[in-house]
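> Listed here are the chains, written in short residue letters.
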Amino acid sequence: MDDVIIIGAGVCGCSLAYELSRYQVKTLLLEKENDVSEGTTKANSAIVHAGYDPKPQTKMASYNVEGNAIIEQLSADLDIPYKKIGSLVVGFDETDRKTIEKLLDQGIQNGVKGLRIIEKDELLAMEPNLTKEALCALYAPSAGIIAPWELAIAQAECAVMGGTKIQLNAEVLSIEKIDGGFNVRTTAGDFKARFVVNAAGVNSGTVSRMLEPEFFSIVPKSGEYYLLDTTENGIVNMVIFPCPSDLGKGILVSPTIHDNVIVGPDSKVVDDKDDLGCTSEGLENVRKGALRLVPNVNIRASIRNFSGIRADAQMEDFIVGQSKTVKGFFNMAGIKSPGLTSAPAIAKDIAAELNQAGLEFKPNPNFVSKRRIKRFKHMTEAQKAQAIKENPAYGAIVCRCQTVTEGEILDALNRPVPPVSLDGVKRRTVAGMGRCQGGFCGPRVHSLIAQKLKKNQKDITLDKGGTYIVLGETKRGKI
Amino acid sequence: MKKVYEVIIIGGGPAGLAAALSASQNGAKDILLIERNNSLGGILNQCIHNGFGLHYFNEELTGPEYASRFITEVAKNPIETISETMVLNISRDKTVYAINPKYGYLEIKAKAIVLAMGCRERARGAIGIPGARASGIFTAGAAQLYMNIEGLNVGKRIVILGSGDIGLIMARRLTLEGAKVLGVYEVMPYSGGLKRNIVQCLNDYDIPLYLSHTITNIKGKNRVEQVTVQKVDEQMRPIDGTQQTIDCDTILLSVGLIPENELTRQAGIEIDKRTNGAVVYENMETSMAGVFACGNVCHVHDLVDFVTTESMKAGKAAAEYAQKGDVSSQKTIEIKNGSGVGYTVPQKVRLDNIDKGVDVFFRTRAIYKESLVEVKSGENVIASFKRRNLAPGEMEKINIPKAALEKSAGEITVSINGNMILADDSATKTRVENADGTVDLICIVCPSGCRIKIDTKNGYKVTGNTCPRGEAYGKKELISPTRVLTSTAIIKGAPISRVSVKTNKDIPKSSIFAVMKTLDNLELKAPVKIGDTVVSKVEGLEADFVVTKPLP
Chain F
288 MDDVIIIGAG VCGCSLAYEL SRYQVKTLLL EKENDVSEGT TKANSAIVHA GYDPKPQTKM
348 ASYNVEGNAI IEQLSADLDI PYKKIGSLVV GFDETDRKTI EKLLDQGIQN GVKGLRIIEK
408 DELLAMEPNL TKEALCALYA PSAGIIAPWE LAIAQAECAV MGGTKIQLNA EVLSIEKIDG
468 GFNVRTTAGD FKARFVVNAA GVNSGTVSRM LEPEFFSIVP KSGEYYLLDT TENGIVNMVI
528 FPCPSDLGKG ILVSPTIHDN VIVGPDSKVV DDKDDLGCTS EGLENVRKGA LRLVPNVNIR
588 ASIRNFSGIR ADAQMEDFIV GQSKTVKGFF NMAGIKSPGL TSAPAIAKDI AAELNQAGLE
648 FKPNPNFVSK RRIKRFKHMT EAQKAQAIKE NPAYGAIVCR CQTVTEGEIL DALNRPVPPV
708 SLDGVKRRTV AGMGRCQGGF CGPRVHSLIA QKLKKNQKDI TLDKGGTYIV LGETKRGKI
Chain S
10 MKKVYEVIII GGGPAGLAAA LSASQNGAKD ILLIERNNSL GGILNQCIHN GFGLHYFNEE
70 LTGPEYASRF ITEVAKNPIE TISETMVLNI SRDKTVYAIN PKYGYLEIKA KAIVLAMGCR
130 ERARGAIGIP GARASGIFTA GAAQLYMNIE GLNVGKRIVI LGSGDIGLIM ARRLTLEGAK
190 VLGVYEVMPY SGGLKRNIVQ CLNDYDIPLY LSHTITNIKG KNRVEQVTVQ KVDEQMRPID
250 GTQQTIDCDT ILLSVGLIPE NELTRQAGIE IDKRTNGAVV YENMETSMAG VFACGNVCHV
310 HDLVDFVTTE SMKAGKAAAE YAQKGDVSSQ KTIEIKNGSG VGYTVPQKVR LDNIDKGVDV
370 FFRTRAIYKE SLVEVKSGEN VIASFKRRNL APGEMEKINI PKAALEKSAG EITVSINGNM
430 ILADDSATKT RVENADGTVD LICIVCPSGC RIKIDTKNGY KVTGNTCPRG EAYGKKELIS
490 PTRVLTSTAI IKGAPISRVS VKTNKDIPKS SIFAVMKTLD NLELKAPVKI GDTVVSKVEG
550 LEADFVVTKP LP
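Chain order of the listed sequences is F and S.
Counting in my numbering, the first sequence runs from 288 upward without gaps.
Counting in my numbering, the second sequence runs from 10 upward without gaps.
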């Protein structure tokens, strides 16, 4: 029997796995998809929020502010691209100014540092492409941008190197209380542990109901985005938000950590939590929202549209902690925005609660706190020369839009939580994330994955299970 | 490998090959041709269909054969080539920084540089098709690579968005390999591809072409399961109530090409927003002296033959620059776009650097019939050219005489004076059988796509043709239509899984699928060279299947 089973390998589950790997704890991370970070973690605004949005005195408020600080350190330790670029909440009129003043007040109560309201002249000097209609803004220097999936992947990798077990393609079917713990029945077999943590994202309501009487359910809310080409880099310097409304933080315009520009999201309740489609109305709303903030943002430079599902439990706060009804069962549920920012702080809290509930914490001598990744594009000339000398694969470019070498792809394929799909490689190396969207490098990455996994190319997927790319060979047996 | 070259050419596709060859023929001594892939030839390697070379070689070649002619010539000349080498950037002093697995990080100086990096395809994100994020959505070129180089089937039931040539070519290719192509949907009210491709890729296989249609939704949990197509109005907005759903597993996008100018931009070279390529002078020189651009990196071409001609010009100019330095000219004329013209190449002409005249390539914004292409200086028309048909999908060329240019001030305008046609559904009516016993056809002998009339009651008399080949085609097409069949065969011991082949003679249209079958169980072993017979007398016909790509 393991000590802890974590259900869900999104940013919450992976943060907890990393946190628990500091100790001699037998942890099993279960994930229903074929890779970590396959749910909300891979499709969101990718913002590390400052922490002025949540209501003071909520868990959300303290996790957000604490998480913001942890991520700065964590991203350095784990070699995750992260930039503290600051954010602006832009106001257009006196009503907005009141909202901004309220946000400032909340931020101060929440302990956010450096917050201040700036007026039009300073605002336009900071962001020359911002609409001239802007009146004032809340400036939050501690907001940042990150690759959310990398935060999950890096923590999962370190955890696995430190002894955490991971079981992919294991969808939880039922959970049963047994002597001394739980039996978790999955599509990949039964697993037993003393404690179970529900970090199942949009499915956390379903998982909770396997043991607990219903006290929350997840209403899937989709948000659609445009990702613009790196040619648009520089249109804004910071994360630009409108004033928040009942629907959420609103449609933002922001640089991404990979030098693109992200625009979105709208917010719409969807019937199906797996509905990741974009709609023309949704995209049109996003376009309009973005133009209102930054009138000359060039939506025609779009290289990708996507939509993400937020796990909204329809509650003011996150659902974090031990179950009130089932001892040994913990929830990290309803983790909507600012969930990404909060995840590492929530993980620390859950770990502490597990400890209190009887999980012994002896330091893990094999704990891997740091990792380093070779990113060819960001090397100096001398480093590039050296990298190729050491391994010729670093001299072969596979993804030309993003300058990703074969060396980096092979490295990704050999890491502790190796990718099995083209998008899995993309999330780890950014190959295929550029303007051609894998048109050129896709087939090459495809064949490298097949070689590594010793599989036929027809058995390799674009992303999650079932997303096959090719159907078999020409000539050898007709399709 | 040297540290300094006279001319460095970036890109070993058709543009780079021609530029290198021409630089050598024009006296440049140290020439380096840099290619990012492991073999020369660029995209032609996967364009296994025929139709290349009709203008340049006066014969019909497949893509690999066309490339091979230049690769062979380049090898005969003192031109150094280096493959698997990616140029990372170019500095103002014309130093090229590149990487190669074997040679490591390279820093090479050039006196002149030719940019010949080609273009890429527009992807789904660029056109914002709503719907699911399912697998099974390919750009036509990516599907072509999978099928023709790697020997992998991309789908069974296929919908193609966009009537660009690669999409049309792939419609036929997929059909020949056993897939069902359900239709080609084009958002514009006219086709974007060459007429001959509509005839020989769609009509030959009964694949419908729908103009003024687009995809408005994609469904599928994992792989694509269904698309919604919809008619669009004149503003290209989907018309409510015209939705139609189609069950399919694959979508191919053939919705345009974009020059790949990352290096050009990085180097600070001026880019024309209309072409997405560098602004060039009459000799293909960019805003950076001694740096030239040619082929699809400069503007997207329809035909490789014109890429070759343009690149020959660039290669020659690069050789001259390396030897003589800057072009000096008293007078530079800017070419502006007037009504109906989308862009021109070149954008600037240095009067002292042209001989009798200058070739100006352009594309129109709409379809025009029986019109005049007018070159104006102010209000004065200084040259004009008659054209029967002008279409955005077909690049046009005029030669403006030097004498006319001398009359102009610093600026001229190219515009279209004629009948603009909003919609042209002639692409969907490539064969019309008239009541009087005549049949209207599009001649597919060359890319011109002449509309011809054949009188079946009058000894198959052909009218409307502009050359004798059109007459021969018209008769044969009605009596016993034939085609050259291009395909691939399995090959072992080569770096790629399939080698391209073709029938060395026309075969009856009706025998195409039977002839295709003869390749099913064939397994070749490298080395093979162009012209090697791999199946002789296919299906008892006169034709043999021969190799079209050398694989050592």
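Since the hints were made in silico from the structure, they are not lab data.
Be a bit skeptical, because a hint or two may be false.
Said to hold, decoys possible - No more than 27 Å apart at the CA atoms, straight line, and that leaves these computed lysine-lysine pairs for DSSO-like:
(1) S:Lys118 to F:Lys676
(2) S:Lys11 to F:Lys664
(3) F:Lys745 to S:Lys501
(4) S:Lys103 to F:Lys575
(5) F:Lys555 to S:Lys118
(6) F:Lys560 to S:Lys228
(7) S:Lys230 to F:Lys742
(8) F:Lys741 to S:Lys501
(9) S:Lys12 to F:Lys676
(10) F:Lys739 to S:Lys240
(11) F:Lys741 to S:Lys534
(12) S:Lys282 to S:Lys103
(13) S:Lys534 to F:Lys560
(14) F:Lys560 to F:Lys313
> So which hints don't hold here, by number, going up?
Checked against the structure, the hints that fail are numbers 4, 5, 10, 13, 14, while the rest are satisfied.
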